[in-house]
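K.L.:
Going line by line, the protein sequences match chains F and G.
The numbers in my numbering rise by one with no breaks, and the one at position 185 of the first sequence is 185.
The numbers in my numbering rise by one with no breaks, and the one at position 351 of the second sequence is 838.
Each hint should be verified, as a subset may be incorrect.
Claimed, not checked - Taking lysine to aspartate or glutamate pairs in the DMTMM-like style, the calculated list, with each CA pair at most 20 Å apart, reads:
| # | chain 1 | residue 1 | chain 2 | residue 2 |
| --- | --- | --- | --- | --- |
| 1 | F | 387 | F | 249 |
| 2 | F | 379 | G | 794 |
| 3 | F | 379 | G | 687 |
Claimed, not checked - Here are some chain F residues the structure puts well away from chain G; computed CB gaps all over 10 Å:
| # | residue |
| --- | --- |
| 4 | 53 |
| 5 | 148 |
| 6 | 155 |
| 7 | 184 |
| 8 | 200 |
| 9 | 352 |
| 10 | 353 |
| 11 | 438 |
Please keep in mind that the hints were generated in silico from the structure rather than gathered at the bench.
Note that the Cβ used here is the ideal one computed from N, Cα and C, for glycine as well.
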Amino acid sequence: MRRSDNSPIQSNSGSNSRRRVPYILALALLLAVSLAILMTRPAVVHGGVLAVDPGPRPLPADAGNFYSTLNTNQKNITNRLTQIFTEVNFVAGGPLVKTVGMGPRFNSNSCSSCHAYPAVGGSSPPNNPLFSIYQLEGATNTMPYFVTPTGPVIVARFPYKSDLHTLDGGVHQMFTISNRTDAPGCTTMQQPDFNTARDTNNIIFRQTTPTYGTGLMELIQESDILNNMNSNLSLKQSLGISGHPNYSDDDGTITRFGWKAQNKSLVYFSGEAYTVEIGNSDEAFPSENDESIASCLPPFPVPPGTNKTKGVPDDRSDTGEAPKAGVNFPGDLERFSLFMRFLAPPTPQTLTTSTSNGLAQFNAVGCNLCHTNSFTTPKSTIVALSKVKANLYSDLLVHHMGPGLADNVNQGNATGDEFRSAPLWGIGQRYFFLHDGRTTDIVQAIEQHRSFGNGIYPDSEANQVINSFDNLSQQNQQDLVNFLRSL
Amino acid sequence: MSLSQNKNQVETQSNRWKWVRIALPLALLLAICTAATAYFPKSAKTAAVQTRTGAAALRQNVALPPGLTAVDPGPRPLPATSGNFLPSLSGNEQQIEPSITTEFNRAHDVIVTSPTDGGLGPRFNGNSCVQCHAYPAPGGSSPPSNPLFSLYNYNGATNTMPFFETSNGPVLEARFINQPGTTTPDGNVHQLFTITGRKDATGCSISQPDFNTAAAENNLVLRQVTPTYGAGLIEIVRNIDIINNMNANLTRKAQLGITGHPVYSGNDGSIQRFGWKAQVRSTLTMAAQQMNVEMGVTNEVFQNEIDQTPGCLLNGVPETVTNFTPGILTEMFPGDYTRVEHFIQWMAPPTPGPSNNSTKNGKTQFNNAGCVMCHTTSFKTPPASRPALGNVTINLYSDLLVHHMGPGLADGLTQGGAGPDEFRTAPLWGIGQRLWFMHDGRTNDIVQAIEDHYSLGNSQYPASEANQAVTNFNNMNSTNQQDLVNFLRSL
Chain F
1 MRRSDNSPIQ SNSGSNSRRR VPYILALALL LAVSLAILMT RPAVVHGGVL
51 AVDPGPRPLP ADAGNFYSTL NTNQKNITNR LTQIFTEVNF VAGGPLVKTV
101 GMGPRFNSNS CSSCHAYPAV GGSSPPNNPL FSIYQLEGAT NTMPYFVTPT
151 GPVIVARFPY KSDLHTLDGG VHQMFTISNR TDAPGCTTMQ QPDFNTARDT
201 NNIIFRQTTP TYGTGLMELI QESDILNNMN SNLSLKQSLG ISGHPNYSDD
251 DGTITRFGWK AQNKSLVYFS GEAYTVEIGN SDEAFPSEND ESIASCLPPF
301 PVPPGTNKTK GVPDDRSDTG EAPKAGVNFP GDLERFSLFM RFLAPPTPQT
351 LTTSTSNGLA QFNAVGCNLC HTNSFTTPKS TIVALSKVKA NLYSDLLVHH
401 MGPGLADNVN QGNATGDEFR SAPLWGIGQR YFFLHDGRTT DIVQAIEQHR
451 SFGNGIYPDS EANQVINSFD NLSQQNQQDL VNFLRSL
Chain G
488 MSLSQNKNQV ETQSNRWKWV RIALPLALLL AICTAATAYF PKSAKTAAVQ
538 TRTGAAALRQ NVALPPGLTA VDPGPRPLPA TSGNFLPSLS GNEQQIEPSI
588 TTEFNRAHDV IVTSPTDGGL GPRFNGNSCV QCHAYPAPGG SSPPSNPLFS
638 LYNYNGATNT MPFFETSNGP VLEARFINQP GTTTPDGNVH QLFTITGRKD
688 ATGCSISQPD FNTAAAENNL VLRQVTPTYG AGLIEIVRNI DIINNMNANL
738 TRKAQLGITG HPVYSGNDGS IQRFGWKAQV RSTLTMAAQQ MNVEMGVTNE
788 VFQNEIDQTP GCLLNGVPET VTNFTPGILT EMFPGDYTRV EHFIQWMAPP
838 TPGPSNNSTK NGKTQFNNAG CVMCHTTSFK TPPASRPALG NVTINLYSDL
888 LVHHMGPGLA DGLTQGGAGP DEFRTAPLWG IGQRLWFMHD GRTNDIVQAI
938 EDHYSLGNSQ YPASEANQAV TNFNNMNSTN QQDLVNFLRS L
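My request is simple: use the sequences and hints to build the entire structure.
P.N.:
Next comes the structure, spelled out in structure tokens:
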């Protein structure tokens with residue numbers, strides 16, 4: 001371990017934890033000492049880290065295709081599924097072909113604005129799409145301090161309520177529909193006070209997760225996840241790796257999606273995202289995301305003949321009424337989940353001498369003990385998803401990741417410092433890494449897995465593995481990084 | 488509440504949590520003293536023990552509280568005053584009513600032969616929705632004769648009937664507080680039956696849960712069926728209206744010892760409304776969850792079999808999927824869970840019986856006693872995208888909050904934000920024709936059900952929030968008591 005590597009992580013952990021005045025003083029002292037040490041040492045960013053991130057593989061995208069094995073009826077609806085996933089949402093009014101129901105609070109106006117790169121269904125694009133959305137239609141939003149033009153799309157959660165004691169953990173949408181021309185009458189809904197949240201260290205961020213291959217992930221059998229969890233136990237123990245599943249309160253099975261594995265399935269995931277991210281309430285979550293201002297709720301006074309939102313839920317199963325008459329298909333919620341379910345996993349590059357060795361090193365240092373190379377799906381009624389080997393590089397468990405990554409948010413039985421092993425398929429073309437998108441450098445992302453316990457959280461389970469990575473030869477380190485960028 | 492009942496409760500608690508045994512003598516003494524203080528001043532008026540059907544089986548030795556003279560007239564006879572679809576559904580919506588009814592009524596076998604049938608097991612409680620949601624009409628709750636007795640050995644299944652199911656009792660499902668033999672919290676449903684032995688499940692050999700041991704270790708929680716009428720209206724009631732109602736009449740509530748709070752969804756932060764502990768948010772999630780948990784039918788929301796023992800996985804998953812075949816509307820409709828969702832969503836609330844002088848006074852007494860402080864008379868739905876569901880005043884008699892209900896009802900099980908002694912205020916619409924009451928169906932006597940809301944606190948749980956309201960009821964004259972009961976049976 002190198003101090004120069006260590007200190008930024010420790011100071012970061014402080015910024016994520018709640019504090020009181022004595023702690024502030026103590027941390028300030030720690031920070032000062034750390035900085036002093038930093039400045040007296042050579043400027044080595046990753047002491048012992050000799051690999052360089054070659055950067056994301058260029059386009060064309062190696063992801064974003066539907067399974068070629070879909071049957072004809074399924075293939076016939078994929079265009080419609082893509083259309084709905086990419087559709088821009090409005091609040092009300094306008095031509096009847098528009099999708100309405102957005103807001104009153106929102107982070108974005110379509111799924112594909114954030115699930116964008118390297119192809120529709122993916123994650124944050126290199127240029128932040130929110131800058132072309134936040135003031136659309138005359139909206140008077142200001143851009144929160146943490147959103148940058150070339151940074152990742154991140155959403156904000158407040159770990160605690162304003163008393164800084166009661167648990168919150170929910171998403172606080174960045175924007176409101178106030179003063180949008182398609183929200184006539186709604187003028188007074190305020191954005192959350194992110195600056196105060198920052199000043200009280202009560203804000204954490206989560207970036208967009210890619211959706212490729214998720215249809216396979218939701219099928220993987222629980223017994224396979226548990227068997228994998230219980231394999232290589234002595235090796236895992238010697239490395240300090242444990243991990244456990246997050247479970248559904250509904251049926252007691254293992255949940256798999258989201259940064260803390262908090263969501264069971266793609267239907268849940270789409271139902272939640274539609275109302276939380278876009279503000280389009282749906283049949284899974286039929287409430288508007290802020291009901292406090294009547295003039296910001298449907299129905300809005302729009303001109304006759306335009307899209308009149310009737311009320312909640314904004315999106316519902318379509319039984320053939322106007323404005324979508326003749327489209328005999330379920331609601332958007334269902335279509336989103338089918339879109340994601342039918343998206344094939346990313347295609348990795350063919351292994352080279354370097355990446356072959358990189359995979360060997362990946363396994364040798366123990367990355368694969370959490371980033372499990374593959375699972376095979378059981379027999380499925382969707383033939384394209386049946387008995388498919390999914391090279392997702394995740395055990396679908398949550399692990400303690402130390403104070404450096406901890407975000408103080410509990411979700412299900414994933415606690416403040418626990419995160420799901422992020423699937424690594426597709427990271428060869430990914431721009432931003434870790435739950436808050438804190439880095440674009442995949443080498444830095446590896447190093448960020450390491451942090452030492454404090455009074456609140458234990459050591460990261462990845463510490464030993466990262467030490468082993470740092471101790472690899474330059475060639476082996478680089479090969480491992482090249483392997484990751486080949487996925 | 489009698490001394491003997493209180494003593495029984497203390498003993499039950501002490502068995503359930505072994506550490507309490509150490510404190511048993513002390514707790515018992517304390518409880519007796521407390522109960523004595525509460526009741527001896529009125530003991531001169533102690534009523535004779537009344538024999539009551541149903542309740543009698545469980546509580547033969549329970550003396551009714553002083554002054555309690557009301558008698559349950561029993562459930563209103565058929566025909567059912569519920570079970571219809573909302574009358575204002577559109578023509579297109581009405582067009583799929585037969586399709587969604589078929590799905591609600593469908594009996595599932597094990598083997599899937601089309602996208603809409605099969606999928607039962609490996610573990611299950613029932614093989615159709617309507618089997619348990621049966622009375623007084625499809626969508627309701629437990630029928631007079633327990634349907635599980637014609638199911639458990641159906642088609643060669645070798646199940647034995649768990650001890651707590653009775654042929655004339657309510658349908659009960661089982662949850663375990665802790666994982667068997669451990670102190671690790673469980674809380675999940677443990678299905679009563681397996682497909683082992685069934686002719687359509689060759690090769691599957693799994694055992695039923697050990698309910699006897701669970702009961703002996705006080706690790707067994709029972710829950711009865713909730714009716715689904717009006718659920719599509721309940722799910723769209725605004726959160727803010729629920730909160731405003733919670734914050735109304737605070738002085739009166741404080742006098743009565745009533746608090747209550749919502750249970751929130753971890754997904755979107757909205758208020759959950761369904762299930763005995765308000766653990767489910769919407770008709771969509773309820774339908775999908777129930778298909779997998781109660782019948783073992785995997786679906787697009789819950790794709791994984793709950794038991795994955797080799798030999799018992801006889802179908803691809805999920806067992807019901809969207810039908811992608813182009814065609815007319817009914818064929819294009821999505822997977823079974825969505826059809827079940829819409830059946831539940833579109834069911835109209837029960838129609839109350841005609842009011843008369845007795846029920847009118849009963850409603851006044853219901854309000855006077857403070858019942859209405861939790862059993863909120865009505866909410867109004869907001870404008871809805873399905874016009875049939877929007878701007879409707881719904882007389883559900885629930886605040887959709889959870890409340891501390893005391894050791895007498897506490898089941899030891901935490902679900903989401905609802906603690907082990909907290910339960911959602913059960914909506915009362917339709918109880919005029921209901922056969923079983925309380926979360927575990929412990930009584931079919933609606934007067935006993937009122938009394939069961941009363942229990943004093945112990946070392947583990949605070950007193951029931953209903954204690955003062957029930958005391959107010961007990962202190963009414965016999966006419967007012969009877970009118971209140973008649974009012975409830977008119978719903």
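K.L.:
Hinted pair, alpha-carbon criterion (20 Å max): residue 379 of chain F, residue 794 of chain G. Please report holds or violated.
P.N.:
Judged against 20 Å, a Cα distance of about 15 Å means the pair holds.
K.L.:
Does residue 352 of chain F really sit off the interface, with its C-beta more than 10 Å from all C-beta atoms of chain G?
P.N.:
The claim holds: residue 352 of chain F sits with its nearest Cβ about 37 Å from chain G, beyond 10 Å.
K.L.:
Just checking, residue 155 of chain F versus chain G, shortest CB gap more than 10 Å?
P.N.:
holds (13 Å)
K.L.:
Measure nothing beyond the straight line between the CA atoms of residue 379 of chain F and residue 687 of chain G; if it is 20 Å or shorter, mark the hint as holding.
P.N.:
holds (18 Å)
K.L.:
Verify this label for me: residue 53 of chain F is non-interface relative to chain G, using a Cβ-Cβ cutoff of 10 Å.
P.N.:
holds (35 Å)
K.L.:
Confirm or reject: residue 438 of chain F is not an interface residue toward chain G, with every Cβ-Cβ distance exceeding 10 Å.
P.N.:
holds (24 Å)
K.L.:
Please verify that the nearest CB of chain G lies beyond 10 Å from residue 353 of chain F's CB.
P.N.:
holds (40 Å)
K.L.:
Given the hint that residue 387 of chain F pairs with residue 249 of chain F, test it: the Cα-Cα distance must not exceed 20 Å.
P.N.:
Distance ~27 Å between residue 387 of chain F and residue 249 of chain F Cα, so the pair is violated.
K.L.:
Test the statement that residue 148 of chain F is away from the interface with chain G: the closest C-beta pair must be farther apart than 10 Å.
P.N.:
Holds: least Cβ distance 27 Å, greater than 10 Å.
K.L.:
The output says residue 184 of chain F does not contact chain G. Does that hold with a beta carbon cutoff of 10 Å?
P.N.:
At about 15 Å from chain G, residue 184 of chain F clears the 10 Å cut-off, so the statement holds.
K.L.:
Determine whether the non-interface label on residue 200 of chain F survives the test: each CB of chain G must be over 10 Å from its CB.
P.N.:
Holds, because the least Cβ-Cβ distance between residue 200 of chain F and chain G comes to about 20 Å, which exceeds 10 Å.
Checked against the numbered hints above, the structure breaks only hint 1 and satisfies the rest.
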